[in-house]
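A.B. asks: This is what each chain is made of:
Number of protein chains: 6
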Amino acid sequence: MFFANPRLQYPVRVDTPNPVFARALQQAIGGVEGEIRVMLQYLFQSWGSRGPMKYRDMLLNTGTEEIGHVEMLSTAVALNLEGAPLSFQEEMSKDPIAGAVLNGMNLRHILSTGMGATPENCNGVPFNASHVYASGNIVADMYANVAAESTGRVLATRLYNMTDDAGMKDMLSFLIARDTMHQQQWLAVIEELGGHTAALPVPNSFPQSEEKGEFAYGFFVHSADGSVPEGRWTSGPSLDGKGTFEAMISKPLGEIPQLAPARPDGGAQTEQTTTTPMPGGAPTAL
Amino acid sequence: MFFANPRLQYPVRVDTPNPVFARALQQAIGGVEGEIRVMLQYLFQSWGSRGPMKYRDMLLNTGTEEIGHVEMLSTAVALNLEGAPLSFQEEMSKDPIAGAVLNGMNLRHILSTGMGATPENCNGVPFNASHVYASGNIVADMYANVAAESTGRVLATRLYNMTDDAGMKDMLSFLIARDTMHQQQWLAVIEELGGHTAALPVPNSFPQSEEKGEFAYGFFVHSADGSVPEGRWTSGPSLDGKGTFEAMISKPLGEIPQLAPARPDGGAQTEQTTTTPMPGGAPTAL
Amino acid sequence: MFFANPRLQYPVRVDTPNPVFARALQQAIGGVEGEIRVMLQYLFQSWGSRGPMKYRDMLLNTGTEEIGHVEMLSTAVALNLEGAPLSFQEEMSKDPIAGAVLNGMNLRHILSTGMGATPENCNGVPFNASHVYASGNIVADMYANVAAESTGRVLATRLYNMTDDAGMKDMLSFLIARDTMHQQQWLAVIEELGGHTAALPVPNSFPQSEEKGEFAYGFFVHSADGSVPEGRWTSGPSLDGKGTFEAMISKPLGEIPQLAPARPDGGAQTEQTTTTPMPGGAPTAL
Amino acid sequence: MFFANPRLQYPVRVDTPNPVFARALQQAIGGVEGEIRVMLQYLFQSWGSRGPMKYRDMLLNTGTEEIGHVEMLSTAVALNLEGAPLSFQEEMSKDPIAGAVLNGMNLRHILSTGMGATPENCNGVPFNASHVYASGNIVADMYANVAAESTGRVLATRLYNMTDDAGMKDMLSFLIARDTMHQQQWLAVIEELGGHTAALPVPNSFPQSEEKGEFAYGFFVHSADGSVPEGRWTSGPSLDGKGTFEAMISKPLGEIPQLAPARPDGGAQTEQTTTTPMPGGAPTAL
Amino acid sequence: MFFANPRLQYPVRVDTPNPVFARALQQAIGGVEGEIRVMLQYLFQSWGSRGPMKYRDMLLNTGTEEIGHVEMLSTAVALNLEGAPLSFQEEMSKDPIAGAVLNGMNLRHILSTGMGATPENCNGVPFNASHVYASGNIVADMYANVAAESTGRVLATRLYNMTDDAGMKDMLSFLIARDTMHQQQWLAVIEELGGHTAALPVPNSFPQSEEKGEFAYGFFVHSADGSVPEGRWTSGPSLDGKGTFEAMISKPLGEIPQLAPARPDGGAQTEQTTTTPMPGGAPTAL
Amino acid sequence: MFFANPRLQYPVRVDTPNPVFARALQQAIGGVEGEIRVMLQYLFQSWGSRGPMKYRDMLLNTGTEEIGHVEMLSTAVALNLEGAPLSFQEEMSKDPIAGAVLNGMNLRHILSTGMGATPENCNGVPFNASHVYASGNIVADMYANVAAESTGRVLATRLYNMTDDAGMKDMLSFLIARDTMHQQQWLAVIEELGGHTAALPVPNSFPQSEEKGEFAYGFFVHSADGSVPEGRWTSGPSLDGKGTFEAMISKPLGEIPQLAPARPDGGAQTEQTTTTPMPGGAPTAL
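Protein chains in written order, with UniProt numbering: chain W, 1 to 286; chain L, 1 to 286; chain F, 1 to 286; chain H, 1 to 286; chain V, 1 to 286; chain C, 1 to 286.
The hints are simulated quantities; they were obtained by calculation from the structure and are not laboratory data. Hints are supplied without guarantee of correctness; some may be wrong.
[As the list claims (entries may be wrong)] List time: in silico DMTMM-like cross-link candidates among lysine to aspartate or glutamate, alpha-carbon distance up to 20 Å:
{"hint": "1", "chain 1": "V", "residue 1": "K169", "chain 2": "V", "residue 2": "D265"}
{"hint": "2", "chain 1": "H", "residue 1": "K251", "chain 2": "F", "residue 2": "E192"}
{"hint": "3", "chain 1": "V", "residue 1": "K54", "chain 2": "C", "residue 2": "E230"}
{"hint": "4", "chain 1": "C", "residue 1": "K54", "chain 2": "V", "residue 2": "D164"}
{"hint": "5", "chain 1": "W", "residue 1": "K169", "chain 2": "V", "residue 2": "D225"}
{"hint": "6", "chain 1": "F", "residue 1": "K54", "chain 2": "H", "residue 2": "E230"}
{"hint": "7", "chain 1": "L", "residue 1": "K169", "chain 2": "W", "residue 2": "E210"}
{"hint": "8", "chain 1": "H", "residue 1": "K212", "chain 2": "F", "residue 2": "E82"}
{"hint": "9", "chain 1": "V", "residue 1": "K242", "chain 2": "V", "residue 2": "E210"}
{"hint": "10", "chain 1": "F", "residue 1": "K54", "chain 2": "F", "residue 2": "E191"}
{"hint": "11", "chain 1": "L", "residue 1": "K169", "chain 2": "W", "residue 2": "E214"}
{"hint": "12", "chain 1": "C", "residue 1": "K212", "chain 2": "C", "residue 2": "D164"}
{"hint": "13", "chain 1": "W", "residue 1": "K169", "chain 2": "W", "residue 2": "E90"}
{"hint": "14", "chain 1": "V", "residue 1": "K169", "chain 2": "V", "residue 2": "E82"}
{"hint": "15", "chain 1": "H", "residue 1": "K169", "chain 2": "H", "residue 2": "D265"}
{"hint": "16", "chain 1": "H", "residue 1": "K251", "chain 2": "H", "residue 2": "E214"}
{"hint": "17", "chain 1": "V", "residue 1": "K169", "chain 2": "C", "residue 2": "E255"}
{"hint": "18", "chain 1": "F", "residue 1": "K54", "chain 2": "F", "residue 2": "E192"}
{"hint": "19", "chain 1": "L", "residue 1": "K169", "chain 2": "L", "residue 2": "D225"}
{"hint": "20", "chain 1": "W", "residue 1": "K54", "chain 2": "L", "residue 2": "D225"}
{"hint": "21", "chain 1": "C", "residue 1": "K251", "chain 2": "C", "residue 2": "D225"}
{"hint": "22", "chain 1": "F", "residue 1": "K169", "chain 2": "F", "residue 2": "E82"}
{"hint": "23", "chain 1": "H", "residue 1": "K54", "chain 2": "H", "residue 2": "E192"}
{"hint": "24", "chain 1": "W", "residue 1": "K169", "chain 2": "C", "residue 2": "E90"}
{"hint": "25", "chain 1": "C", "residue 1": "K54", "chain 2": "V", "residue 2": "E82"}
{"hint": "26", "chain 1": "V", "residue 1": "K212", "chain 2": "F", "residue 2": "D265"}
{"hint": "27", "chain 1": "V", "residue 1": "K54", "chain 2": "F", "residue 2": "E191"}
{"hint": "28", "chain 1": "H", "residue 1": "K242", "chain 2": "F", "residue 2": "E191"}
{"hint": "29", "chain 1": "C", "residue 1": "K169", "chain 2": "F", "residue 2": "D265"}
{"hint": "30", "chain 1": "W", "residue 1": "K54", "chain 2": "W", "residue 2": "E192"}
{"hint": "31", "chain 1": "L", "residue 1": "K251", "chain 2": "L", "residue 2": "E214"}
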């Protein structure tokens with residue numbers, strides 16, 4: 001269960017409110033790189049955790065931290081909206097460049113929330129919980145978390161570079177540091193679990209003898225002329241130490257699929273109830 | 001630009017059609033762990049690629065491979081639907097256990113596609129392209145790709161274990177092998193780019209001097225009693241070699257936020273146009 | 001900021017796991033009547049709160065409580081999935097009625113989470129944060145909260161009646177009681193703000209002299225023959241004491257709208273670039 | 001069944017078209033506070049109505065009225081788009097402030113509809129019918145309706161304040177009046193059904209003896225230091241007359257949940273197939 | 001504006017309620033082939049209609065008809081749910097085949113609506129108004145309408161074939177007939193506007209001299225071996241009489257795109273701030 | 001299976017980057033009229049194709065072509081973003097009209113992709129695969145394809161008219177030509193299948209004797225006063241040659257639906273567990 005302290009985890013200060021920056025900040029709240037996503041992701045991973053209890057506990061701690069990050073950013077959005085125009089007339093009276101601020105705002109900040117944040121991204125698209133990855137596999141989840149914190153830190157640095165408000169830069173420099181730690185933290189779990197050789201391929205519980213081993217370490221080339229983009233992934237030992245990389249020209253190993261004709265009572269056109277091969281012959285020649 | 005061979009990349013065979021397994025397979029087509037997602041993700045990463053051309057090219061190859069995986073799985077769905085019941089009467093006549101197959105089907109396989117696949121997950125939720133991560137940062141993207149292939153291989157092994165159809169097991173053993181390679185492949189890019197020490201924290205282009213360094217390698221403890229889940233992430237050098245892990249009890253560093261009162265013409269209640277502090281005193285004492 | 005205790009707010013016990021009830025419980029997690037919704041709704045209302053500070057604080061408390069309800073329900077889902085079948089073969093071996101349990105499960109509980117909860121409803125539709133109502137108007141928000149707790153308690157009682165598992169009934173009897181309180185709590189805010197006469201119409205800050213007063217207390221009858229469904233809303237004083245209810249036969253007061261013809265360079269058909277009145281004459285006669 | 005009169009319910013007139021206001025108006029069409037939502041909500045409540053027939057009939061009347069409100073607002077959007085620029089060149093030639101109008105438009109008004117409304121909100125997010133609340137419980141539905149009309153009237157007054165177009169203000173003053181009535185109307189149903197004492201808690205058909213009564217009228221305090229936001233909801237009789245409000249410090253009554261370890265064939269990592277307690281001891285001490 | 005008659009357009013009778021058929025019927029309410037879609041589509045096309053007034057009027061009539069179809073189907077869902085089980089116990093007591101009906105139900109029919117319809121499809125996915133096509137081009141809209149009525153009639157016949165309930169078959173035979181008419185009706189508009197030669201290509205207002213005419217009537221072959229699927233579309237005059245069909249082997253006419261390197265302050269990795277050509281040489285050779 | 005050539009199908013050149021036009025172009029990528037939709041639609045139609053093999057093959061060719069169109073447009077978006085401002089300061093320094101470009105941008109082009117395209121529409125709404133129509137009926141699918149290409153060409157001409165960049169106009173003139181062909185191509189399939197008389201009504205496999213023939217060719221008039229919008233669809237032979245058009249005044253043929261009262265254990269209010277007829281009598285009189 002959870003508790004709250006009405007104080008923020010870190011100070012949130014806006015020196016010069018900027019309603020368009022309020023729109024930008026929404027990406028860090030409700031965007032796919034944002035904080036609602038990691039909050040729910042870490043909590044759901046914790047609540048569904050099977051296996052060693054320490055990971056459930058760690059995830060619970062960091063998930064709880066993230067709730068406070070949503071809180072900080074929501075406060076930052078509200079503070080950036082202080083003094084924003086409520087009408088076209090007001091906008092005009094402030095500034096000869098009519099409508100440039102109002103036009104660039106998320107109008108829901110005026111119309112729907114009365115100058116508060118929404119759980120939406122910078123385009124006003126609501127957060128969709130399908131982005132909460134909790135696979136039941138601890139390594140898959142850690143990689144999902146690293147991905148979330150990597151795109152999250154990229155986003156936070158872009159917001160930092162976008163603004164020249166000292167208060168906002170201060171808040172973001174804190175969130176950027178936390179993202180640094182969180183990237184490390186999830187990778188540290190994988191290291192603790194044995195790193196590449198022990199943890200990969202994910203899931204490591206599936207016997208590799210049951211996969212088609214001849215295709216498990218080959219880079220498939222699909223360029224029409226067979227040219228190969230060479231790199232670490234086309235030669236040398238694989239990272240898990242269980243195979244050797246090679247480049248393989250991809251070729252069709254299967255046939256042209258041919259489904260049964262449609263049933264007369266299945267809603268197709270009558271012409272579909274029989275199958276006609278390709279005119280002029282040999283589709284297998286394709 | 002793209003070309004197609006009407007033959008499949010690998011044979012798709014169903015020995016005993018199972019319409020409920022057709023529903024399960026949909027997760028591998030339109031689920032967040034599925035193939036439409038990686039197809040679009042790798043292609044969009046390729047098309048937006050900035051920097052060394054070799055990564056654009058590599059991504060294009062693998063994105064193109066994935067289109068063929070969607071094709072294979074869509075074929076597998078259609079083959080699992082051959083002979084499925086179209087009506088309650090038909091269901092009854094086949095099997096004394098009335099309705100158990102029809103009830104368990106994705107009814108859109110009957111009603112909307114006439115026994116074909118949809119770009120949806122196993123619950124019939126349509127694929128949503130917000131799951132296409134293409135951040136413009138090559139390492140963040142690689143981690144997103146590893147996450148996708150890790151959850152993807154987890155899914156494929158679960159499907160493999162769910163069925164006892166030899167044809168389906170054969171197809172899945174191929175897809176599982178490809179997921180093995182793709183996990184390796186994206187990690188190999190990170191290794192080629194210098195691994196943890198060179199690539200982290202993501203983005204490595206942001207000067208770490210501008211982040212709040214004192215919080216960049218600390219695990220924040222949010223348990224109400226300050227108990228600490230110890231692990232690789234609470235002590236020792238950080239993985240990027242740039243800091244030292246420590247556990248830190250999280251405390252509120254900011255104040256209670258207080259927004260301006262609502263404007264009279266802003267749609268709030270009149271009572272909100274003035275701010276009243278907490279009754280009985282000291283919210284700051286919280 | 002937030003803290004967590006790894007213990008649950010209230011005991012969660014499942015005597016006989018039922019994977020289909022796990023599916024049903026998802027509605028209380030990620031459904032529109034569920035707990036993720038109220039958790040985010042109360043927190044966002046708190047974070048965007050303008051006016052008296054006490055409401056911010058109250059909302060924060062209850063929003064924090066709700067995080068723990070999501071936790072309880074996620075635990076209940078996982079416990080109901082203990083021992084669920086992972087394959088068709090396993091299902092068959094347990095029970096002569098082949099597939100009846102597996103068919104009725106949310107297959108993502110097997111395929112995507114490894115027997116854990118998802119932030120989705122009972123049909124597997126992910127929670128969408130557009131359901132977080134935080135209007136910036138305290139009374140509108142309170143009514144939204146009452147609506148959420150009313151549909152939430154209806155849902156909880158339906159789940160209570162659906163199961164005969166004593167553990168689940170015990171957990172639900174707690175959640176039902178909390179919903180009782182929460183319904184009361186939000187209505188108590190409205191009472192504190194003066195009830196119907198002071199708070200209505202929402203927003204009470206808009207001067208009623210600027211609305212078309214003659215239509216503000218009339219029930220509009222749209223039945224084709226003008227029959228009137230009589231009730232408290234067709235006669236007597238209005239609840240806010242500011243008007244008198246009456247039934248009014250609705251009639252078109254406006255004209256037939258006629259838009260300008262399409263521009264030749266606007267992507268319409270050429271025929272749309274001129275406006276032709278209705279043939280045979282007088283559309284205004286309609 | 002339904003009939004239409006091509007004339008509008010109330011005149012819609014735009015004196016000075018404003019394409020950015022057209023974007024704002026979309027919130028009243030396809031936003032969660034908008035008219036498509038109430039139209040479908042009242043109609044679905046009517047069509048699924050069980051119990052006294054008079055409520056079915058009343059809901060049908062008002063649902064039918066709302067169709068006409070969508071029509072009025074769609075007309076208002078189209079009229080605000082008359083003369084809007086179709087190209088960057090055109091925009092430039094009109095106004096030295098290049099792009100300020102075009103930039104602020106919903107580009108779908110140009111690209112997708114040829115200057116007409118869409119069933120989307122002011123950010124172009126399509127209406128999603130999950131917002132149609134029809135719970136089968138008449139009081140829950142009435143509160144959902146009051147919430148919809150309260151946020152709806154808040155929205156309408158914000159639009160009214162945003163514009164200085166006399167035609168638009170006239171139309172909105174009509175819609176605002178209708179929202180006044182609709183707030184009253186749904187509350188009048190609850191009054192007719194006995195008000196707080198008879199109708200609450202919703203559903204009133206569930207025997208309160210089966211809820212955990214000791215938690216049914218207590219305000220749970222989740223602040224980390226136990227401070228209590230006092231109000232009408234912390235003391236005195238409950239609004240339904242069935243209990244007494246009190247403040248209760250929330251404490252964990254449950255245990256730390258411990259799920260079974262993952263199955264070896266369930267797609268987890270091997271390390272998850274055994275459960276390890278917290279290192280260093282006593283997680284129950286948390 | 002709109003009016004309602006509480007009687008249905010056509011009788012709705014269910015002889016033997018079938019809760020799983022209730023689930024299937026939802027596809028005709030909230031599915032992409034369903035009636036909410038056409039209702040909103042025709043109404044929005046009408047409300048945004050520019051050009052001859054007769055089309056606005058016709059669309060308004062048929063859009064109004066469709067509201068009544070949603071009403072009929074919602075009634076059919078509710079009637080199919082009469083007597084459905086509310087609990088696992090009840091299910092068991094009725095039928096030795098435990099859970100087969102309950103498992104196959106849309107659980108929201110129990111949990112969320114109390115045995116009523118939802119604006120969702122057969123998988124419980126809510127209707128999303130992005131499916132409302134109203135392009136501002138009368139011929140594009142008519143084709144969208146034909147597509148809607150074609151998939152709609154296919155769906156209705158599949159539902160007809162799925163059930164053996166005489167009442168449901170009667171209702172569906174009416175809806176199927178209406179779909180027949182509506183297919184005809186929209187095609188009749190295109191005929192009235194001159195058919196293929198006058199109306200195509202859509203939009204006919206764009207001067208064809210500005211399109212790359214050499215590619216306007218060629219079927220592009222993308223098979224890897226250049227095999228050509230011959231048909232009416234590979235030779236002979238085009239249907240609009242303005243060109244001649246031919247098959248053309250598709251070849252890349254453009255170059256390999258090369259974007260500028262990433263900016264140092266743009267959130268990419270440092271390695272992306274320079275562009276390296278393909279190793280080993282000539283990407284143009286690809 | 002699929003292959004790629006890294007060169008583009010047609011040259012993509014941007015003479016003067018315009019970040020707001022980049023936003024507009026997104027509609028052609030991820031909008032409902034855009035290329036991801038047709039790409040997936042034609043591929044899924046191909047993969048689920050039953051009946052004559054030639055249509056599977058044709059659809060595969062054109063679906064493959066469309067992947068390359070997404071690629072071209074994604075390249076065009078990235079090129080239009082070259083040099084776009086990353087910050088408010090940068091924006092200011094370039095142009096006295098502060099913020100007009102940045103405000104009008106899709107901020108995700110800065111924040112989420114680092115100047116690359118997303119699979120979203122011009123409002124940033126992600127592509128949703130429910131727009132992939134693949135009904136299993138070849139004629140219904142062809143009409144869906146014609147609708148897609150008609151709205152697609154309308155969109156492309158609007159983009160063409162919006163820009164004055166010669167490079168962009170050249171690219172669009174190619175895409176417009178391809179849309180011309182694709183409109184023709186799908187209609188040619190219908191002609192090959194016998195045109196209106198053989199193909200309609202869709203599906204032609206359903207015996208028309210089972211539809212209510214008396215309503216199959218009547219235009220239903222729903223105007224409140226019975227006025228009739230006359231046209232090709234109100235008299236003369238139907239297009240399929242199987243009926244005669246006529247106008248019919250729509251009247252309610254069904255009764256007022258009356259559902260069973262709510263069950264006491266079903267979550268309704270107690271008052272709903274009995275049904276009360278309309279007060280004052282005769283609802284059938286309505």
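A.B. asks: Is it true that the CA of C/K212 sits at most 20 Å from the CA of C/D164?
C.D. replies: violated (55 Å)
A.B. asks: Please work out if F/K169 and F/E82 have their alpha carbons no farther apart than 20 Å.
C.D. replies: holds (18 Å)
A.B. asks: Check the hint pairing F/K54 with F/E192 against an upper bound of 20 Å on the C-alpha distance.
C.D. replies: Distance of about 12 Å is within 20 Å: holds.
A.B. asks: Against the 20 Å threshold, does the CA-CA distance of V/K169 and V/D265 hold or violate the hint?
C.D. replies: violated (65 Å)
A.B. asks: Between C/K169 and F/D265, does the CA-CA distance stay at or below 20 Å?
C.D. replies: holds (15 Å)
A.B. asks: Regarding the pair W/K54 and W/E192, is the alpha-carbon distance no greater than 20 Å?
C.D. replies: holds (12 Å)
A.B. asks: Is the Cα-Cα distance between C/K54 and V/D164 20 Å or less?
C.D. replies: violated (36 Å)
A.B. asks: For H/K251 and F/E192, compute the direct alpha-carbon distance and say whether it is at most 20 Å.
C.D. replies: violated (28 Å)
A.B. asks: Please work out if L/K251 and L/E214 have their alpha carbons no farther apart than 20 Å.
C.D. replies: Between L/K251 and L/E214 the Cα gap is close to 14 Å, so the pair holds against 20 Å.
A.B. asks: Is V/K212 within 20 Å of F/D265, Cα to Cα?
C.D. replies: holds (18 Å)
A.B. asks: Has the given pair, L/K169 with W/E210, been kept, meaning a C-alpha gap of at most 20 Å?
C.D. replies: holds (9 Å)
A.B. asks: When you check the alpha-carbon spacing of W/K169 and W/E90, does it fall within 20 Å?
C.D. replies: Distance ~29 Å between W/K169 and W/E90 Cα, so the pair is violated.
Checked against the numbered hints listed earlier, the structure breaks hints 1, 2, 4, 5, 8, 12, 13, 15, 19, 25, 27; every other hint is satisfied.
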